[in-house]
Every structure is written in structure tokens, then in C-alpha cells.
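Here's the letter readout for the chains.
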Amino acid sequence: MKVKKIALSLIIFFSLWEFVGRVGIYPQYIFPPFSLVIGSFVDAEYLRAVSENVGLTLIRAGLGFAIGTIVGVVLGFVFVGLRLVEYVQPIATIFFVIPAVAWIPLLILWVGLDPLRLPVAAAFTCTFPPILYGIMSSSRTIDRDQVEVAFTLGADHWTVLREIVMPVALLKLLPIVKTEAIMVWKTTIVVEMVALSSGLGHLLLMYSLVIDVQHILSTILALSLIMVCIVELIDYLEKKITSKWVGEQRW
Amino acid sequence: MRVLLKNIRNYILRDITAEFSQGELSTIVGPNGAGKTTLLKVVAGLVPYEGQVYFDGKNMDDVPPHKRNVLYIPQKTGLFQHMKVRDNIAFCLKVRKVDEGLINERVRWALQKLSIVHLSERYPSQLSGGEAKRVAIARALVCGGDPLLLDELESSLDAGLRVSLSEEMLRIAKELSLTLIMVTHDLDWAMGRADKIFFLWEGRMLYSGPPEDLDPSIIESKALAWLGSVLEVNEVRINEEDCYAVIEGQRVPLYPCTETRSEVRKVYVPPNNAWVDVHGKIRGRVVGKVKLNDIERVLINTGNGVIIARNTYLTLTTGENVRIRISGAVPLKNRPVY
Numbered sequence: 001m002k003v004k005k006i007a008l009s010l011i012i013f014f015s016l017w018e019f020v021g022r023v024g025i026y027p028q029y030i031f032p033p034f035s036l037v038i039g040s041f042v043d044a045e046y047l048r049a050v051s052e053n054v055g056l057t058l059i060r061a062g063l064g065f066a067i068g069t070i071v072g073v074v075l076g077f078v079f080v081g082l083r084l085v086e087y088v089q090p091i092a093t094i095f096f097v098i099p100a101v102a103w104i105p106l107l108i109l110w111v112g113l114d115p116l117r118l119p120v121a122a123a124f125t126c127t128f129p130p131i132l133y134g135i136m137s138s139s140r141t142i143d144r145d146q147v148e149v150a151f152t153l154g155a156d157h158w159t160v161l162r163e164i165v166m167p168v169a170l171l172k173l174l175p176i177v178k179t180e181a182i183m184v185w186k187t188t189i190v191v192e193m194v195a196l197s198s199g200l201g202h203l204l205l206m207y208s209l210v211i212d213v214q215h216i217l218s219t220i221l222a223l224s225l226i227m228v229c230i231v232e233l234i235d236y237l238e239k240k241i242t243s244k245w246v247g248e249q250r251w
Numbered sequence: 252m253r254v255l256l257k258n259i260r261n262y263i264l265r266d267i268t269a270e271f272s273q274g275e276l277s278t279i280v281g282p283n284g285a286g287k288t289t290l291l292k293v294v295a296g297l298v299p300y301e302g303q304v305y306f307d308g309k310n311m312d313d314v315p316p317h318k319r320n321v322l323y324i325p326q327k328t329g330l331f332q333h334m335k336v337r338d339n340i341a342f343c344l345k346v347r348k349v350d351e352g353l354i355n356e357r358v359r360w361a362l363q364k365l366s367i368v369h370l371s372e373r374y375p376s377q378l379s380g381g382e383a384k385r386v387a388i389a390r391a392l393v394c395g396g397d398p399l400l401l402d403e404l405e406s407s408l409d410a411g412l413r414v415s416l417s418e419e420m421l422r423i424a425k426e427l428s429l430t431l432i433m434v435t436h437d438l439d440w441a442m443g444r445a446d447k448i449f450f451l452w453e454g455r456m457l458y459s460g461p462p463e464d465l466d467p468s469i470i471e472s473k474a475l476a477w478l479g480s481v482l483e484v485n486e487v488r489i490n491e492e493d494c495y496a497v498i499e500g501q502r503v504p505l506y507p508c509t510e511t512r513s514e515v516r517k518v519y520v521p522p523n524n525a526w527v528d529v530h531g532k533i534r535g536r537v538v539g540k541v542k543l544n545d546i547e548r549v550l551i552n553t554g555n556g557v558i559i560a561r562n563t564y565l566t567l568t569t570g571e572n573v574r575i576r577i578s579g580a581v582p583l584k585n586r587p588v589y
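Chains as they are written, first to last, in the working numbering: chain A, 1 to 251; chain B, 252 to 589.
Check before you lean on any hint, since a few could be wrong.
[Claimed, not checked] Below 20 Å or equal to it, Euclidean Cα-Cα: the simulated SDA-like pairs (lysine to any residue) are:
no., chain 1, residue 1, chain 2, residue 2
1, B, K345, A, R162
2, B, K318, A, G154
3, A, K240, B, K345
By construction, these hints were calculated from the structure, which means they are not laboratory data.
Take the sequences, apply the hints, and build the full model.
In C-alpha cells form, the structure reads like this:
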């Protein structure tokens with residue numbers, strides 16, 4: 001039923017797109033119909049350009065995201081374990097609310113226009129503050145009863161952190177991870193557009209310079225398709241890990 | 252284990268001294284916010300306090316909660332949501348690095364003791380309220396500590412289940428010779444079953460001792476209106492056909508009705524079970540009035556003790572003679588008088 005509804009909404013959306021593109025309100029080079037855009041994916045030259053750049057973008061975003069997540073999680077738990085949250089959280093909050101793209105000019109100065117270090121650093125600045133903030137916040141909202149019972153059952157501070165706080169905090173972090181994955185993807189594309197000469201972001205910029213709307217739209221479609229796949233993958237993993245023990249306590 | 256609290260003070264409790272004895276059922280009663288849970292947490296070392304806590308004469312004030320070896324079951328069970336029932340129960344043994352074979356043996360023992368073997372592979376979110384309570388009890392028992400601290404075992408359970416689980420808990424505690432300290436809102440059960448009650452009111456201990464020895468003169472009126480009254484009975488009949496006590500000529504139904512209570516001399520009358528009624532058989536004189544939850548409660552001195560009765564329609568003054576009616580009472584244990 002859910003699949004049917006999704007399929008129906010997509011069919012309606014793409015049909016409307018096709019209709020508006022065909023009736024001639026705008027010239028097709030400004031607003032190409034859906035069939036023309038989707039046709040790009042059978043164009044060997046376009047496919048080669050996309051496949052050359054998609055890997056670069058994925059590696060840059062993935063690497064920055066992974067480093068940011070690992071550093072954020074580890075540091076977050078260290079601060080929780082050392083009871084430093086109250087000191088660190090205000091600083092983490094300041095960094096958390098700064099848009100990642102605001103760091104790009106500074107990062108260009110600090111790490112240069114390196115095709116790997118710059119986008120990875122941008123992805124890191126996008127991921128690290130929210131993950132750190134998320135770990136510290138979720139650790140503070142853990143059911144007090146569970147922590148207290150763990151103490152009375154003989155667990156010391158570090159055992160409670162490892163066995164009780166960490167699993168629950170990581171679970172609560174999953175929605176943030178999903179949101180941040182999307183943000184990292186967007187930030188990497190922006191970095192590639194403004195500062196690099198490779199990657200899907202750069203490809204988009206190149207097509208816009210020659211007013212190739214058909215390929216701009218097909219690249220946007222590819223970008224969103226990749227992101228949807230990544231989000232679905234995270235969703236699947238989340239359900240797989242937590243399907244049984246997630247949920248509100250009923251008693 | 253004998254647990255002694257001396258002059259305990261903190262953000263809620265005000266100079267509490269109490270003694271909980273081994274093999275006895277001690278129930279802590281009082282309205283919400285009185286400090287019942289906080290008192291349990293003081294014993295477990297989970298909240299800061301001033302004063303002294305002794306376990307069998309040994310001072311525990313500097314002993315952290317993970318080394319006090321108490322068995323604590325919070326109101327909402329505190330089951331670890333990310334662990335299966337089996338792993339929840341095995342938790343305390345694993346953190347103590349007990350041998351794997353012994354862990355399996357102890358977990359099996361606890362599962363069988365609480366009749367929850369069939370739940371061992373489930374997660375807490377897949378359990379009913381009653382099942383979760385049983386798992387929490389099993390998890391505590393498997394550690395082999397003492398005292399056993401139970402916070403509102405009856406919460407989110409229906410009436411039948413709460414009594415049967417409380418009774419089962421009592422049986423297990425006696426069998427294992429545990430000092431059982433229970434916080435409860437079930438006044439009927441607490442007064443009828445406890446060896447000692449500890450009545451907390453706004454952080455103060457207003458009464459501690461056997462329920463039948465409750466002296467209304469030492470408790471302030473408002474608190475007494477919340478707690479209810481203990482009355483002497485003139486006659487008791489408990490057998491297969493009858494189950495009642497006679498108080499000044501009125502037959503008062505007793506609950507629960509058990510043969511073992513045939514020598515009942517006193518009963519507990521819950522605060523809502525007595526009311527002023529011009530046609531009532533029990534006579535008395537008004538000695539005080541107090542409002543609780545917008546309902547007037549009248550303290551009436553009868554020949555059998557002071558009773559708290561609801562008054563919804565008469566204008567009464569102190570010293571006035573009134574009649575009351577009692578809808579039911581809980582028989583209290585009959586202890587030998589030395």
C-alpha cells in the first residue's frame with residue numbers, strides 16, 4: 001500500500017513535469033520535459049562524466065562524515081564519562097548552530113584548495129558538532145531508573161557508561177546521524193561547486209555555465225537518488241539494530 | 252540484615268530515624284512527594300544525604316551504591332531496554348565477572364523462581380506490566396544482596412495482580428530471609444500485611460511501628476485524615492460463612508478474609524470507608540475537623556478509638572455528638588502483648 005502511494009505520487013509529479021515541459025510555456029532548453037532529462041542516463045558521454053565524478057563526491061562526503069562521526073562519538077563519551085558535559089555543552093551548542101557552509105572560506109585558507117582535504121574538512125565540520133552535541137544531550141536524557149539500578153547491581157561509573165549509557169545514547173543518535181548524512185552530502189556538493197574542479201558539484205557548475213539545463217536536472221536527479229538510497233540504507237540498519245528494543249516503555 | 256537510619260536529612264527528608272529489621276516486612280507509606288522513594292534511595296546510596304546509614308551496625312555512608320549490595324527495584328522497573336530478559340537478569344553477575352557456568356545456573360534459578368522461563372529471550376518492550384515487574388524482581392534476586400528495596404511494586408498493575416505479586420514477593424523475601432522495605436500506595440495491603448509501617452508526611456516520619464499500635468494522638472489531623480484510622484473491635488467473626496467485625500453494634504465487613512485472622516482485636520479503616528451518617532450505629536464526639544482534597548474529614552472519638560470520617564452534608568462543630576457508618580475494614584495482625 002505504501003509502495004503504491006509512493007509510486008502514484010511520483011507518477012503524478014513526473015507526468016506534470018512532462019506536461020509543463022511539453023506544452024511550451026518555456027523553451028525546452030530552459031525547462032526540458034522529464035523524458036528528455038531521464039534520457040540523459042542513456043547518453044554514454046554524460047554517464048561517463050557522472051561516473052567519473054560520483055565516486056569522488058561519495059569518497060569526500062563519506063570520509064568526512066565517518067571521521068566527524070567517530071571523533072564526535074568518542075569525544076562525546078569521554079566528556080560524559082569525565083562528567084565534563086556541563087562545561088563542554090555550551091561550546092558545542094555554539095558550533096552546532098553555525099551552518100557548515102559558513103566555514104568554507106576559512107577552510108580554504110586553512111587547508112587550501114586540496115581536492116580531498118578541503119571537502120573532507122568541510123564534511124567534518126558539518127558532522128562533528130551535531131554528533132558531539134547529540135551524544136552529550138542524549139546521555140543526559142537517559143532513563144534515570146536504568147542508571148540507578150545498574151549502580152545497585154554492582155556496576156561502577158565506567159561500566160554504567162559502557163553498558164547502559166552508550167547503547168541508549170547511540171540509539172538516540174541515529175536520527176541525528178541520518179539528518180547529518182544529508183547535510184554532509186549537500187555541503188560537499190557546495191564545496192565542489194565553489195572551490196574544486198571535480199565532483200558532482202563541479203559538474204553541476206559546468207553544466208550551468210553552458211546553460212545545459214537538461215544535464216543540470218539529470219545531475220540533480222542523480223544526487224537526490226543517491227541520497228535517498230543512503231537514507232534508506234541508514235533506515236534499514238536502524239530498524240535492523242533496534243526493531244525489538246526500541247519503543248516507549250508501556251509500563 | 253538490620254538497616255538503621257539515623258537523623259537522615261536532605262533536600263526532602265527532615266531528620267528521619269528508622270530501623271528496618273531482618274525478616275520483617277516494612278512498608279513506607281505517605282502521599283506523593285512525602286519522600287518515600289528518596290528514603291529508599293538513601294538506603295541504596297543513590298541520593299546525597301546527611302546523617303548515618305548502618306547495615307548490621309556497619310556504617311555505609313562512604314560506601315558507593317555499587318558496593319552497598321542492596322537489591323533495588325524502582326517503580327518503573329528500570330529494565331535495560333536494549334538487553335533481553337536473560338541479559339537483564341545476568342547483568343549483575345556479569346559485572347562481577349562471575350564464571351559463565353554459574354551465571355547460567357543462577358539465571359535459570361531466578362527465571363524459575365519467578366515463573367518467567369518463557370520470557371528469557373524477549374526484550375523489555377515485549378513484556379506486559381506484570382511480566383516486567385517479575386523480570387525486575389528476578390534481576391534483583393539473582394545478585395544475592397540484602398535489603399530488598401521495592402518502590403511501588405503495584406504501580407501500573409491491576410488490583411488482582413498487585414495483591415498476588417506483593418504476596419509472592421513477601422513469600423520469596425521470607426524464604427530468602429531478606430529485609431524487605433516496600434514503598435506502597437496500597438494502604439489496605441500495607442496496613443494488613445506489614446510488620447511495621449513508616450508513615451512519611453512532607454519529609455517527616457510521623458509514625459513508625461506496627462500498624463495496630465498506631466496512636467492517632469501523635470499524628471497531626473491532616474496526615475491522619477490521609478492515613479485512616481485503627482479501631483478496636485468488640486467482636487470478630489471470621490469463618491466460611493461470615494467475615495465481619497462488630498464495632499459498637501455495627502457489623503463491619505472485613506477484607507481480606509482469612510482464617511489466620513480469627514483472633515483479630517483491631518482493624519484498619521481506610522480514610523474513605525467511614526462517613527458521617529445520621530442513621531449510622533457507631534456513636535462518637537467530634538474532636539477535630541480538617542479538609543483534605545476539598546472534602547471535610549471529621550475526627551471522631553468513639554469508644555473504640557479515634558476514627559476519621561468523611562462529612563459531606565452536615566455542619567459540625569467540635570464537641571458535637573455524631574453517628575457514623577463504616578463500609579469495610581482491614582483486620583490487623585494480632586501480636587502477643589508482653
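Here is what the structure says about each hint:
Pair hint K345 of chain B plus R162 of chain A holds up; C-alpha atoms about 13 Å apart against a cutoff of 20 Å. Pair hint K318 of chain B plus G154 of chain A holds up; C-alpha atoms about 6 Å apart against a cutoff of 20 Å. A threshold of 20 Å between alpha carbons decides the hint, and for K240 of chain A with K345 of chain B the separation of about 26 Å lies outside it, so the pair is violated.
Hint 3 from the list above is the single one not met by this structure.
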